[in-house]
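Please arrange chain B on chain A, whose structure you already have, making use of the hints.
Just so you know, the protein sequences line up as chains A and B, in that order.
Here the working numbering is used: the first residue of the first sequence is 1, the next is one more, and so on.
Here the working numbering is used: the first residue of the second sequence is 330, the next is one more, and so on.
Rather than coming from a laboratory, the hints here were simulated on the basis of the structure.
Built from N, CA and C at the ideal position, the CB exists for glycine as well.
Careful: at least some of the hints might be erroneous.
As the list claims (entries may be wrong) - Far from chain A by the CB rule (all over 12 Å, computed), these chain B residues: (1) P452; (2) A456; (3) Y494; (4) G499; (5) E503; (6) A579; (7) Q587; (8) P756.
What the hints assert, rightly or not - Below, in silico cross-link-like pairs of lysine-lysine (DSS-like), each with a Cα-Cα straight-line distance of 30 Å or less: (9) B:K398 to A:K33; (10) B:K778 to B:K682; (11) A:K114 to A:K237; (12) A:K142 to B:K682; (13) A:K299 to A:K268; (14) B:K372 to A:K259; (15) B:K398 to A:K313; (16) A:K259 to B:K354; (17) A:K313 to A:K302; (18) B:K372 to A:K184; (19) B:K354 to A:K268; (20) A:K142 to B:K495; (21) A:K196 to A:K142.
Stated by the list, open to error - Partner residues aside, some chain A positions facing chain B, computed with beta carbon under 7 Å: (22) G39; (23) K103; (24) H110; (25) A127; (26) P130; (27) L131; (28) A133; (29) G134; (30) M168; (31) D326; (32) I327; (33) A329.
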Amino acid sequence: MATRKSTTKSNVSAEELLSYYRDMLLIRRFEEKAGQLYGMGLIGGFCHLYIGQEAVVVGLEAAAKEGDKRVTSYRDHGHMLACGMDPKGVMAELTGREGGYSKGKGGSMHMFSKEKHFYGGHGIVGAQVPLGAGLAFSDKYKGNDNVTFTYFGDGAANQGQVYETYNMAMLWDLPVVFVIENNKYAMGTSVQRATKSPSLWERGAAYGITGEEVDGMDVLAVKAAGEKAVAHCRAGKGPYILEVMTYRYRGHSMSDPAKYRTRDEVQKMRTERDAIEHVRDLLLTGKHATEDDLKNIDKEIKAIVNDAAEFSKDSPEPALAELWTDIYA
Amino acid sequence: MATEILMPALSPTMEEGTLAKWLVKEGDTVASGDIIAEIETDKATMEFEAVDDGVIGKLLVAAGTEGVKVNTPIAVLLADGESAADAAPAPAAPKAEAAPVAAPAAAAAAPVAPKADTAPDWPAGTAMKTQTVREALRDAMAEEMRASDEVFVMGEEVAEYQGAYKITQGLLDEFGARRVIDTPITEHGFAGIGVGAAFGGLRPIVEFMTFNFAMQAIDHIINSAAKTLYMSGGQMGCPIVFRGPNGAAARVGAQHSQCYAAWYGQIPGLKVVMPYSAADAKGLLKQAIRDPNPVIFLENEILYGRSFDVPVLDDFTIPFGKAKIWREGTDVTIVSFGIGMTYALEAAERLEKDGISAEVIDLRTIRPMDTDAILASVMKTNRLVTVEEGFPQSSVGNYITSVVMERAFDYLDAPVINLTGKDVPMPYAANLEKLALVTTDEVVAAVHKVTYR
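The shape of chain B in the complex, shown without the other chains:
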C-alpha cells in the first residue's frame, strides 16, 4: 500500500514549516533512515528521514514551499511492486485528533461555614511530663524505629557524634550502625540516596544539619521526592522525612539563618510541618515517619532546649492539617507557627493587660494548612495578624491573607497585617540581627493597628 509522507512536526512548538529542499526525486529508492528532505522549522533547518523502505512515487509539495502545515502530505512512498499510479489522488490525511479543550471546573466555593477542629490531641486526664523539644524529637524517632525496621536515620554526625544538635543522642547505641548512619558531607548525594531508598520500600529519616544546607539537595526534595507519585500515575510513593533545624539561630549570619516554610509550602506533593511545642514535635514527627509521602519537618535550634508538657502515652500522634488554638480570644486572631509562636504568645499576654483579647493559632503544619481554623477565628474576631520569621515576599502570611480575602472578606474590619523577618539577608552584628527578626513588640503594635486601639 502506498503510504503518504506527512509534513512532520520537528519541534515541540512547530505548526508549519518551509520545505527547503528535496534530497530525493521521484523514482528513487529509499531505506528507513535515509535523509529525504531539509525542512526549516521555527527553530532550525532539520534533516528529515524516511521512516520506511520504498520508492518515492510522487513529490506532492515543491521544494521552496513555505508555510506547509504539519501533517500535510508532502510525498508518496511506494512499497514493492506498486506504481506511481497507485499514488494518484492523495486522500485526506488523517488528522491528529484535536484535544478537547475543556477548562477544569473551578473549585466550587465551599458553601459550608468553616469550622475549626477543636478535638483534644490526647484524652483528658492524661498524665504529663516535662520534656525539651530535643528529647521529644529523639523519643519520636526511637519509638518509630522500635516499631518498624524499615525506619532508619541518615545524615551528617547523626551516629557517633550523637547529632550536631544532639537530636539523635543514644540512637546509635540502641539501633546500631545499620540504622543510624553517618554520611559524608554530601547533601545532594545523600538526599538522593534517601529518596532512592524510599522508592525501594524503606522509610528514611534524612537529617540535614540545617535546612540551609538542604538547598544543595533541593532538586531531590522537589523533583525526585515530591513529584514522582504524580509522574508515575500513583505507582511510586516516597515515604521519607527530611528534618533539621530551620530559620535563624543566633549570630550565625546570612547563609545559616533562613526560614524555608514558604519555599517548601509551595510544592504540591510535599507535606510541611513546623512544630512549636515539644508535644507537637513528638506527635507530628511520629506522624511524619508514618506518612506515605515526603515530609519536610522544620525544627528550630532555639526551641530545641525549651521545655513543655508532653503526654505520657505509649503512642500518640498529631494529625497533619489540624491547627492548635493556644489561646481563645475575641478581638483579634494571631496566626503563627514554629518559633513565631513565642512572639505571638508573649504579645497576647501583654495585650491582655491592655484589655485586648487575642486568639492565638499555631498552624503546626504549613501544608496541608488548616485554613478552616483560621477562617472560623477571623469570622469571630474580624481582624488578623500573621507572624513568621521568613522573608516578606510570597510569605506564608501572604497566602493566608489571600485565603481570608477570598473566603471571609466581608468579615474583615481592618486590613490584614503580615509580620515577617525583614527583607534583608541576616546581618551578623547583634543589634542589626535583632532588627532583622520579627519581635513581640511588632506583634503588639500590629494588633493595636488592626484593632484601632
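Chain A with its partners taken away, still in its complex shape:
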C-alpha cells in the first residue's frame, strides 16, 4: 500500500510547462465566460464551474495515452476541454444550441464525445463510478491496455455504489483509475461534516486497492501520480485510487450563497495555492518564458474563448423536430 505523498518533479521542459499553462488557462477563462453568459441568461439551469480545480484534469490528461477513456460527474467542462473537445461545441451545449456536443439536448451536465473517449457528464452523484469501471471492463474484455479515468468528488465518495464498484474492480482487476477530486465541500457540506474517516483514498484498503493522496494544486504532482496509477493499471494490477486535494473557488452551482466557508478561506487558496499562478511562477523564475510570452498566450486563450462564446450565441436553437429524435438507436 503506497502512502507517500507525491512530490513535484523538477526536470520538466519549458514546452511541457507552457502546455499545462495554456490548458489550465483555457479552462479558467472558459469557465469565467460561462459564468458571464449564465448571468446574461444565455445559459440556464445548473452550471457547475471548475475554476480552481484545473490542475487535476490537466495533470491527469498528461498521463493518458490515445484510447484511454474518461468519465465524470456534472462538473465536467474542465474534463472535456482537457481531453481536447472543442470549446465551441461545449459552450454551445451550455447555451442549449444545435452546435452543442449533444445538439442542445444534454446541457452542462450531459455531454459526450466518442472521438475523444469522453463518456459524460453524469448528473446523479456517484453513478459515473460503476459506469467507469464498466468502461474499463470493456477494455479488459477486448484485451487492450487502455485505462479509464473515473472522476468523482468527495461528496460522491460517500455513495454506496462507489464501494460496490471498488469491490468488483479489484475482484476483476479492472484497469480503472479512481480519481477522487476532493475540493473539500460536497455542495455546502465540508468533508469533516460528512464523515469521520476523512482520508478518502484509504477506504480502498478495505478492498485491497492501492492509492495515495496527491496535491491537486500542483499540476506536476498530479501528472506524476497519474503516471504511476496508469502504469499500475496497464500492468494488469487492477484499479488505483488517487485522492487529489483541490479547491473550488466558485459556488457549487450558480446560486450558491457560500455561507459554509469564509471569504478569507477562498482568498487564501487563490493567492497562495493557485495552480495556474504556480506554473506561471515556474515559467518565469525558470526563465522558460517572459511576461510578454505569457501575455500572448493569455490573448490567444481569450480569443479562443470569445470565439466559443460567439459561436454559442450564433448557433441556432435545435429544430423543434429534435424533440423526437435520439430516443432509440
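Relative to chain A, chain B alone:
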C-alpha cells in the same frame, strides 16, 4: 473599450433582484474574481464577482435599488487608459435573444385505419419441438453468444451455480468464465458496470435474480441506460439486456412479488418485453440481445417450467412491437401479456362454452406497444378487457384504455375493464395470496359484464 457590467442571473429562476450593496466605488481597480457587489436573488444574498480586470468607471444603479431586471447595466468597467467619460451614456444592453415560443405540433391523428400485422412469426410448415421456457431462454443466449463475442452474461449465480433458476445452465461450460460472470450481490454496482461496458462497445446481458432486486439498480437502468442516447444527441448507444423473473411466484411475500411492466413501460428510451410462450421467449430474447437499445426482459418463474412448441430453425427472431393473436374471436377482445395470458386463454376456452367468442391478444412487448392490433380488434368486437398481474393504478391496462378512448371511442359498446392484481402488497398466507392475484374467474366475469350476457 469600456464594458458594461450587467445585472446577473444568479439562480435558474431569477428574473430580477435587489442590488443590496456595492463593495467598490467609482475609481476602484478590480481584478477578475474580486467581489464587487452583493445581490439579493429570489433564493439568497449572493456575492457578485468581477469577470474582467479594470477600473470601475461608473456605478449606474444605486445600492438598495430593488427590482433590478436581469441584464440591466449596473456599472461600467474601464480598461487601461480609459476615462470615466468613455463610460458616459450607456448604450442599450444587448438583450439575450428571446427563445421563440412554439408549441410542438400535436401529433396528427392517424387517418389510416389501424391494421394488425398478422404475418406468421416463422414460415408455414416449419418443424416444431417441445421446449420449456427455461430451455428456450438458455438456447437464445447460447446462440447469440456463439454469434458474437461482444455478448456476455453477468449476474448473481449465473456461472458456477448454473443460474438461480437454471436459465444459464451449461453456459459457463461452453463459454468460460470470461463471458459468463458471477457477480457479488451488488445489483446497483453490477448494473452500472454493465451499462458502462455497453457504452464501451460490448453487449451485456445482465441477469437479475429477480426484478424485485433491480429496484436497487433502477437509477442505472433509467438514468444511465435509457436516457444517455438522448442526452448525447444520438452519440452514445447502450445495447444491453436486463433480464430475470418478474411478478409473483408463489408464497414469497410482498418484497419478492411485484410486476414491473408498467414501471419500465413508462420510460422513453427503454424497450420492454414480457413473453408468455417458449417460442416468443426465444425469438424475443435473441431480438433483445441484437437490439442497439436497453431492453428490459421480464420473465416469470411460474412460466419457466411450462412447455410450448418452438420452431426448429437455425435462427429466428420475433420483432418488437408486434402482438400475437392467440385466438380469433368476435364478441370481446382480451389483451394480456406474460403470465396473464394463462388466465386470458383459460377464460376464452370457458367463454366459448358459454357461447361467447373472445379474441385473445398477447402484447409480447409493452414498449413499443402494438396498439394497432388492439384497435383493429376492438373495432371488430367493440368490447375490451385487459389482464395483468401488476397493481391497478397507472397500469398497462390503464394506458391501453386511454389509447382506445382516443382512437376508437365510438366503437366501444361497453366501458373497458382493466383486470389487475389487487391494490395491496402481496400477502404470504395462501388464501390471501390467491385473492390478491388476478384469476381466470375474474376474466370470465369481466367478459360477461362487458358483453352484457
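Against chain B, with CB atoms and a cut of 7 Å, does the hint on A133 of chain A hold up? holds, 5 Å
*12 Å cut-off, C-beta based - P756 of chain B kept clear of every residue in chain A*: P756 of chain B is indeed farther than 12 Å from all Cβ atoms of chain A, at 31 Å.
Notebook entry, point to check: Within a Cα-Cα threshold of 30 Å, do K313 of chain A and K302 of chain A meet the stated pairing?
Noted result: holds, 16 Å
- Task: With chain B as the partner, please determine if A329 of chain A meets the hint condition of a C-beta pair closer than 7 Å.
- Result: With Cβ-Cβ at 4 Å, under 7 Å, it holds.
Original post:
Per the CB criterion, is M168 of chain A less than 7 Å away from chain B?
Top reply: Holds, about 6 Å.
Handout entry: Y494 of chain B remote from chain A - nearest C-beta pair above 12 Å
Key = holds, 23 Å
Holds or violated: K142 of chain A to K682 of chain B, with C-alpha atoms at most 30 Å apart = violated, 60 Å
Hinted pair, alpha-carbon criterion (30 Å max): K299 of chain A, K268 of chain A. Please report holds or violated. holds, 27 Å
Status of the stated non-contact between E503 of chain B and chain A (beta carbon gap over 12 Å): holds, 17 Å
Check the hint pairing K259 of chain A with K354 of chain B against an upper bound of 30 Å on the C-alpha distance.
holds, 25 Å
Point to revise | Interface-negative label, G499 of chain B against chain A, beta-carbon threshold 12 Å | key: holds, 21 Å
Given as non-interface: A579 of chain B, which should sit over 12 Å from chain A by C-beta | holds, 31 Å
Hints 12, 21 from the list above are not met by this structure, while the remaining hints are.
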